[in-house]
Amino acid sequence: MHKCNCEQPLVPIMVEVIDIKEETPDVKSFFVKNIDSNGVPFNIEPGKLAMVSHVPVGEGMFSCTWQEGDEYLQFAIKNVGLLTGELHQIEVGQKLGVRGPYGNGFPVQDCKGKNMLFIGGGIGLAPLRSFIKYCFKNRADYGKIDILYGSRSYADLCFKEELFELWLQEKDTRVHVTIDNPEEGWGGHVGFVPAYLEEINPATENTIAVVCGPPIMIKFVLQALEKMGFSDEQVITTLEMRMKCGIGKCGRCNIGSEYVCLDGPVYYLNQLKQLPPEW
Amino acid sequence: MKILSKTRLENVFNKLNETAEVFVPMQRGEQSGFYPWQTFAAGSDKLWLEALNVYLPPKNVVFPQTERMYNIKQEGQDVKIDETYEDSKSRVIFGARACDVKGITCMDDVFLTRGYEDSFYKARRQATTIIANACYAPGIACFCSAMGVKYVDPEGADIIIRDIGDGYVWETITEKGEMLTARIADLLEEREVTLPEPKPFQQDVNYDGVAEKLKGMFEHPLWDKLSQTCQNCGICTYVCPSCYCFDIQVKMYGNEGYRFRCWDSCMYEEYTREAGGGNPRPASKERFRNRFLHKLEFFKERYGHPLCTGCGRCTVVCPAGISIVKIIDAVKEADTDA
Chain D
1 MHKCNCEQPL VPIMVEVIDI KEETPDVKSF FVKNIDSNGV PFNIEPGKLA
51 MVSHVPVGEG MFSCTWQEGD EYLQFAIKNV GLLTGELHQI EVGQKLGVRG
101 PYGNGFPVQD CKGKNMLFIG GGIGLAPLRS FIKYCFKNRA DYGKIDILYG
151 SRSYADLCFK EELFELWLQE KDTRVHVTID NPEEGWGGHV GFVPAYLEEI
201 NPATENTIAV VCGPPIMIKF VLQALEKMGF SDEQVITTLE MRMKCGIGKC
251 GRCNIGSEYV CLDGPVYYLN QLKQLPPEW
Chain Z
1 MKILSKTRLE NVFNKLNETA EVFVPMQRGE QSGFYPWQTF AAGSDKLWLE
51 ALNVYLPPKN VVFPQTERMY NIKQEGQDVK IDETYEDSKS RVIFGARACD
101 VKGITCMDDV FLTRGYEDSF YKARRQATTI IANACYAPGI ACFCSAMGVK
151 YVDPEGADII IRDIGDGYVW ETITEKGEML TARIADLLEE REVTLPEPKP
201 FQQDVNYDGV AEKLKGMFEH PLWDKLSQTC QNCGICTYVC PSCYCFDIQV
251 KMYGNEGYRF RCWDSCMYEE YTREAGGGNP RPASKERFRN RFLHKLEFFK
301 ERYGHPLCTG CGRCTVVCPA GISIVKIIDA VKEADTDA
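As given, the protein sequences belong to chains D and Z, one line each in that order. Residue 1 is where the first sequence starts when you use the numbering used here, and the numbers rise one by one after that. Residue 1 is where the second sequence starts when you use the numbering used here, and the numbers rise one by one after that.
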């Protein structure tokens, strides 16, 4: 059963945390569903946002990591501040608020028939994961899938079961994982994501690259993609901004006349280049 | 013509006050603004309908400086939102100038269009009747007509009053206005008068083409120069009739509390600072630039008109002498060939 808070878009719907999974030392996944009935508070397509409210503490905007049908909404959240620090303290059974879905989401329809190249760094894999899983769920709609993901260390890699097991079993799929520095027991690639991307040198033809990660990674990945011949129309990224309302009213997440919460957070690079360079 | 004699103003306020909270322009100590008529203290307050302008615009009537949104109760892991506070009590703004009415209609664009209606704003706005006071002699800092505001025929008002010396011509515009007029009809009189001739503006401002020119000026060196003296104090946003940015915060007393929203300011560093430490507008220059581009370019791109209504308040109160009028002039004169 879906609820709607369209009449009161700033008032959250209460949900219950049904599971918490420790992804890395500072990232936890929270799985939530409705309190008084089965189901999830709303449907949320890949790349869309939800305001997650630890009601007595604060609200923060997160890209939904995955919606599993009527079972749950998943949010992978890194502990970086006051709200996320408090969220990392909660236990299963905690009631949280959510409002949404907000934003435009990934262009899953536009990308049909394309080869997909997902490039993520750190917690940046969390938003991408909704699109990656969507592709696998609708496998026939997409061509070859390459997932390039890097983190500081092995421990800091999110969604390890998927990276090292589940996604490898998918058809026409390659997963490239790298960590910043060598460490004992790690036999995989070592180095930063942009350099690894150039090593892999993926084919540009009929390919869409979807990028999310820390700003410095995004900057060098975009340069590398350009060097490899990707046009701006072949590159998608999803932006992060401080947000309070989520509905294009409170003002702070603007880039030029765009509100990232409402008009974004997903942009093709050619769209982004039309905007003032404040992202 | 329907006329409200100035000798009957207080009778009108008292009558309206029976069913609504009536906000009228007053001088109150060192401050001036729109305050509730029921708080009028004859000894110290001065009714100030002639002012151009009182320091504080009436935006707080529809968009309070702080506004409780809902109550929160927690018990262990259980958390309940048990009451929301959409406030639909009747309110009247009496004597708002065209620039301030335009400020409210700018907020209507923001809060009531583009996909979502803000329920808290909507409740207050629908319950508010606006009586605008037409201007016939623009004040020293005024430049509203340059920003497209019709100062003699304010747009967005439910009733327009026009000062004729001993009274006001009373013109009802909307259905909401009809309902209010009906309540005080016996205090109005019928007579024919000649309306005054509007006087010219005391400063010349030309906004034509500025929004379009600004499109190519994001990286222009003039922002370094213009922003140099800005202290990021935020007073310009506080007195602005159309600045609407807000924050959402929570206040808990033990297990009970409430979430509220309050005015925020794009002049502050925290406004855009992300939890992870990133900030797209970390320095004064970037915040300054964003504020004026929002006023003069971005808002117009999104909603079709600028977010400055030419009331002149920010140019009067700025401790650093920054003036949106001078910025418009500087943009006009700027060399963009480089």
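Treat the hints with care, as some may be off.
[What the hints assert, rightly or not] Here are the computed lysine-lysine pairs in the BS3-like style, where the Cα-Cα straight-line distance is at most 25 Å:
1. Lys-215/Z with Lys-80/Z
2. Lys-215/Z with Lys-273/D
3. Lys-285/Z with Lys-273/D
4. Lys-15/Z with Lys-89/Z
Keep in mind the hints are simulated off the structure, nothing from the lab.
Results of checking the hints against the structure:
1. Lys-215/Z with Lys-80/Z: violated, 47 Å
2. Lys-215/Z with Lys-273/D: Measuring from Cα to Cα gives roughly 13 Å; hence the hint holds.
3. Lys-285/Z with Lys-273/D: It holds: about 21 Å lies between the C-alpha atoms, which stays within 25 Å.
4. Lys-15/Z with Lys-89/Z: The given pair, whose Cα atoms are some 16 Å apart, holds under the 25 Å limit.
When each numbered hint is compared with the structure, a violation occurs for hint 1 only.
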